[in-house]
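**Q** The chain contents come next:
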Amino acid sequence: MENTHLSQAIQFIFAGLTSGSIYALVALGFDIIYNVTLVVNLAQGEFLMLGAMTMISLHSGLKLPLPLALVLSTLIVGCVGILFDRFAIRPLKKPSIMLLILLTIGGSTFLKGVALLIWGKDPYTAPTFTRIKSISFLGASFSPQMLWVIGTLVVVSFVLWFFFGRTLIGKAMRACAENQRAASLMGVDVKTFVMISYFLGGALGALGGMLIAPVSFMVYDEGTMMGLKGFASAVLGGVGSYPGAVVGGLVLGLLESLSTGYVSSIFKDILAFLVLLCILVIKPTGLMKRSDE
Amino acid sequence: MGKINAWRFGIVPAVLCCFALVFCVSSASAQKKPAIKLGVNLDVTGYGAWLGEPELRAVQLFVEQVNARGGIDGYPLELVVYDNESNPEKSSSNAKKLIQRDKVTAIIGTAITATSNAAKSVAQEEKVVTYSLSGSYEPNYADSFTFATWVHTSGMVETIYDYFARKGIKRVATLCATDSTGQTWHDETEKSAKKYGLEIVSERFNVKDVDVTAQLAKLKATNPQALVVGVSGAPNAVVAKNFNQMGFKIPYVTGHGNISDTFLKLMEGNEPETLLLPGAYYIVWKELPDAYPQKKLMKEFAEAFQKKFKKEADIYAVVAYDAARVTAEGMRQAKPEGPKDSPRLRDAMELIRNFPAVYGGTYTFSKEEHRGIKKDAAVMIQVKGGKFVMAK
Chain R
1 MENTHLSQAI QFIFAGLTSG SIYALVALGF DIIYNVTLVV NLAQGEFLML
51 GAMTMISLHS GLKLPLPLAL VLSTLIVGCV GILFDRFAIR PLKKPSIMLL
101 ILLTIGGSTF LKGVALLIWG KDPYTAPTFT RIKSISFLGA SFSPQMLWVI
151 GTLVVVSFVL WFFFGRTLIG KAMRACAENQ RAASLMGVDV KTFVMISYFL
201 GGALGALGGM LIAPVSFMVY DEGTMMGLKG FASAVLGGVG SYPGAVVGGL
251 VLGLLESLST GYVSSIFKDI LAFLVLLCIL VIKPTGLMKR SDE
Chain P
1001 MGKINAWRFG IVPAVLCCFA LVFCVSSASA QKKPAIKLGV NLDVTGYGAW
1051 LGEPELRAVQ LFVEQVNARG GIDGYPLELV VYDNESNPEK SSSNAKKLIQ
1101 RDKVTAIIGT AITATSNAAK SVAQEEKVVT YSLSGSYEPN YADSFTFATW
1151 VHTSGMVETI YDYFARKGIK RVATLCATDS TGQTWHDETE KSAKKYGLEI
1201 VSERFNVKDV DVTAQLAKLK ATNPQALVVG VSGAPNAVVA KNFNQMGFKI
1251 PYVTGHGNIS DTFLKLMEGN EPETLLLPGA YYIVWKELPD AYPQKKLMKE
1301 FAEAFQKKFK KEADIYAVVA YDAARVTAEG MRQAKPEGPK DSPRLRDAME
1351 LIRNFPAVYG GTYTFSKEEH RGIKKDAAVM IQVKGGKFVM AK
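Residue numbers (the working numbering), protein chains in the order written: chain R, 1 to 293; chain P, 1001 to 1392.
Don't take every hint at face value.
Simulated coverage check for chain P against chain R, where a stretch passes if three residues somewhere in it have a Cβ under 8 Å from a Cβ of chain R [to be verified]:
hint, stretch
1, 1214-1224
2, 1233-1245
Heads up, simulated DSS-like pairs for lysine-lysine below, C-alpha to C-alpha not over 27 Å straight-line [claimed, not checked]:
hint, chain 1, residue 1, chain 2, residue 2
3, R, LYS121, P, LYS1208
4, R, LYS133, P, LYS1384
5, R, LYS63, P, LYS1387
6, R, LYS121, P, LYS1387
7, P, LYS1249, R, LYS133
8, R, LYS121, P, LYS1310
9, P, LYS1384, R, LYS63
Facing chain R, from chain P, some residues (calculated, C-beta under 10 Å) [to be verified]:
hint, residue
10, LEU1175
11, SER1202
12, GLU1203
13, LYS1265
14, GLU1268
15, ASN1270
These are calculated hints, taken from the structure and not from any lab test.
A virtual CB, placed ideally from N, CA and C, is assigned to each residue, including glycine.
The following block holds chain P by itself, in its conformation from the complex (with noise of 0.2 Å):
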């Protein structure tokens, strides 16, 4: 009995500093201001690991840095992290899971297309923005939700056309891919050519053929001034390979798909004399004047990834970090609390108006514009002695 007396006496004060003790602490987080809960709904692991990975390393980054100025106006930013294993099915539960049962205002992510396509009905079901990273993803139908970074192919194409312009070249050949890929660069380069007033003539490949001389034999007695090559990755080598052998002097562009170590490395001691590609201005940021207004955003961005992260900021992980940015610009208009004030959320973005890009360029809203960024954030890419530099 005493046994018993003295365990509840025990006990009562324990309680009571339990009580006082949450007191306590629910009292001084209600001095401070609720987190605003983002969710990201990353390729993280799968075959667009590649993508996802820096993706979500940069938004980490962004998400610390927020939070060290002390929040979105007070407000501290909270990540809510899934991996959708770069599968759609996973991807349109994940952001079921984000929305429904953690409450996020926004969703980052995904990373490649099947898997943004994947995101999208939920999305505009349940009226949350989804801002995709992927380069190839279409944001801008009625009533969207959805938000794209990256210059379109189009925007891409006519910076193309604009260096051309420089450099007085009117005849144009193309050669492009059939797959997804060289489809929207044989279409978005035929229909630019007549705007620019060019002379084109094109040709198709399969990614999968080992020879592509017959094509260019074709193309070569036209007597084009530059070959467009509708393609990312590989093939490049192919084409790359028989157009060299072919004695062809003209440059080579090939698309923004290509800008990477890999691709680099594919093309050593294949390179054709004049090798380009369109990019973002981030590519060669370090090569820009300190006049151009983007460069200090840049510079800061790259060093701090850097320094977390012991490895140097590719594109994927600029688009992330601006993508994250755009978010976060617009939480600071809309104070969103939850799912329910995301529609506020996405009006506020629609009127974004030049907000600079890291990416390069800036970034201008509308609702029929949820991409945002225009060809002026592209720039001609060379490669030289196997380093991206810009074209001259």
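Next up, chain R with everything else stripped away, as it sits in the complex (with noise of 0.2 Å):
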């Protein structure tokens, strides 16, 4: 019985970990793009979804060999990302806060639009990327899927740690989040970090939804609900601190598996988003932020 526990256990921590990636990922773009732009981007959730979707268009569609098509997918979400900044963020002479956050709902509204009339109704799903069935770990069994999931997390959150704390690009871009006068006014051409960073959100929301697309299946309104948690996720660990990002993720996507496992599944998303709450009132920044920022 003892056992049983034990591997149930298991089971529940890796569910977790699996969605906690994912709205780790989501909350990343977020974070990215708050950063230098200050805008609360909630097309991310939609990024995902087009992210989800081209790649199965191009792998199961077109037959491409799935590392092209994922890297392809990447590149074309990404440039979605510059796109949506170039035609629907930038074209604001005087943008206030509210309206740019406003035109992301917009956005996130054209794209499920233009997703619906490529991709239709239906349900999509994708093979998943590595051959074996299914992965047994002390009596939980778990699909070799999860691994990657969580591996890219690992790989991205390094990959941006190093990007951000030791390149000349990535720290002119933690300029611009500090101050983006003085950054422009120390020769940082503020407009092509803006760029750079929504083609990084819109990179992060595919990749998130190319993980998950092999464990459950894409509609084109799919991401708005993750890109909700990821939101979420991000409040939660403090928004615009990128390991608040993961561990706000983590936390969330834990909470949803634990509350599932040792209570009851119908109070999952009602327990998951009362500690976010609870949270929230206690430490007002979130889990990560330093309170005197």
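Hints in hand, dock the two standalone chains.
**A** Structure (structure tokens):
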């Protein structure tokens, strides 16, 4: 009996880590765009949906090899991010933050509409990246796709840490985040970095979508819920904090699966968001952000 | 002056001729019986279009067939069709237009629950028979003028439990969604379990979940002999993938809302070893023995539909065809002349007994029972090699 308890616990934790990693990837995309532009991009979930749909079309439709489909979809959705900035955000002469956020909602509806026209209302799914059916670990069994999801989050976190901490471009982007005016006075081309941030936001969203498509399914309006969960994760971790996004995503994912496992599956979303509310009441800046910022 | 006279001389015979013509035509049609008007209020466009379109075709086919056979006891059937665009407001205004302006005797429609509920108040107010084709519409209430097709979810659950009884399955796990379809499945599976003496453990999930392994792990610990998944459509892909990956070998049973090609495509490559669902006998009509009483009806309908529309008739076309058949049977008894006779039509329809259904089984109506079709119209269906076949 002891053994069943252990294997159940492991099953719950892995389930939480999988959804949590996806939430974290979406949250990272939020944070990158927020840090450079102060815009909360509510179309982030649609980038995830676009990534998954493009990958499925390229891989299952056009029969491109998987790695090529993955790279191409990431680039394509990154470019959608750039276009989003270029045609929806930048034309505004005197943007207020509120107006920009409303614009991203419009953008999200627009992207959903385009996806509906291209892919219709049918749900799509993709084969797992590796052919192995399932992996057993101490009596718990999980899809090999979980390792891809968690592994990708680890790699992405490391790359982002290196990019923002060690490279000049990354440092310049951080400078934009601190103070756009000062950064531009120092010779940083803010417009280019806003563009880069939208590219990264789109690409990260696409990554999340492509990783989740094989374990789940994708429909044109599937991104919205993911976007919300990702946004909640970003808030939970502290908006703008990259470690916060990762921790926030994983905590939200684990909260969901553990409340399903140990309390009741009906209360899953209620409990997860209740804890989120409590944390924000106790520590309004989020888990990983210093309160003096 | 002369010119006008000539004109006048020309016009008089012309007018006379016209009168003569009209007289001839009207005396000819006086010998024919007046048409009985049947209204159609369907979701031909909008998001219910995938249901409304085949349903409209089936009704058109039926009216054509009836009139080719000389109508209903000599009264030709006339169809008046309005599209409600899957919009509840449009559905209720269509119903009003059909009754008040077009004077129809009965209305077939609508395809989805939201538009059916909108048309219900008009049906009750005007006292005109309205035949909903939506699976989850509830037609049984006091002084109801609405009818509905499809075997209710409770009948479908009993079909599943009958199958379990045959297979000696006693411990059942259910995983139902938290949306309205899932809620119905959750309630009905719990309710009937007592009657069948089944041990039941249940979990719930959100249709937007990307992982249900936590729920499945809890269910697995109770060592169930079958899993019932109460959800329609895409979320089945998530559950099935997790189900396979956790090494379940027990039968995977899901709802009748999944009988579609989209579902087959979605499950391709992810099918559990035994994938079952309850559904109408019509789905597997080709496999039925010739002794099955409705097989001939099913075959005739399927072939006529195929011939006219160059398309296979799905189950949605079947329910619309059945609704039109039942209504016409009522008209044969009541001989209604307009909306004012619709209460008489309803009473006649409530007297219909053991009327063979293309769906499978038979329709037997009463004052309290406006669905008329029971679980004997349903059968367990298995997905094998990307096709729906009868479960052994």
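**Q** All hints are to be evaluated individually against the structure, with a verdict given for each.
**A** So, going through the hints one by one against the coordinates:
With 5 residues carrying a beta carbon less than 8 Å from a beta carbon of chain R, the stretch 1214-1224 of chain P meets the three-residue requirement, and the given coverage holds. Using a Cβ-Cβ cut-off of 8 Å, 9 residues of the stretch 1233-1245 of chain P lie near chain R, which meets the minimum of three, so the contact claim holds. With a C-alpha separation of about 15 Å, the suggested pair LYS121/R and LYS1208/P falls inside the 27 Å cut-off, and the hint holds. Distance hint between LYS133/R and LYS1384/P is fulfilled; the C-alpha atoms sit about 20 Å from each other, no more than 27 Å.
Of the pairs offered as hints, the one joining LYS63/R and LYS1387/P holds, with about 25 Å between alpha carbons and a cut-off of 27 Å not exceeded. For the hint linking LYS121/R to LYS1387/P, the alpha-carbon distance of about 22 Å falls within 27 Å, and the restraint holds. At most 27 Å may separate the alpha-carbon atoms for a hinted pair to count; LYS1249/P and LYS133/R meet this at roughly 14 Å. Between the alpha carbons of LYS121/R and LYS1310/P the distance comes to roughly 24 Å, so the proposed pair stays at or under 27 Å and holds.
Taken as a hint, the LYS1384/P and LYS63/R pair is honoured in the structure, with Cα atoms around 26 Å apart against an allowance of 27 Å. Contact between LEU1175/P and chain R, as hinted, is supported at the beta carbon level, the nearest pair being about 8 Å apart and thus within 10 Å. At its closest, the beta carbon of SER1202/P sits 9 Å from a beta carbon of chain R; the interface hint therefore holds under the 10 Å criterion. Interface hint status for GLU1203/P: upheld, as the beta-carbon distance to the closest one in chain R is roughly 5 Å, under 10 Å.
Interface restraint check: LYS1265/P against chain R, minimum CB-CB distance 8 Å, threshold 10 Å, status holds. Given hint, GLU1268/P at the interface with chain R, holds; its Cβ is 9 Å from that chain's nearest Cβ, closer than 10 Å. Annotation: ASN1270/P was flagged as interfacial toward chain R, and the flag holds, the nearest CB pair being 7 Å apart, inside 10 Å.
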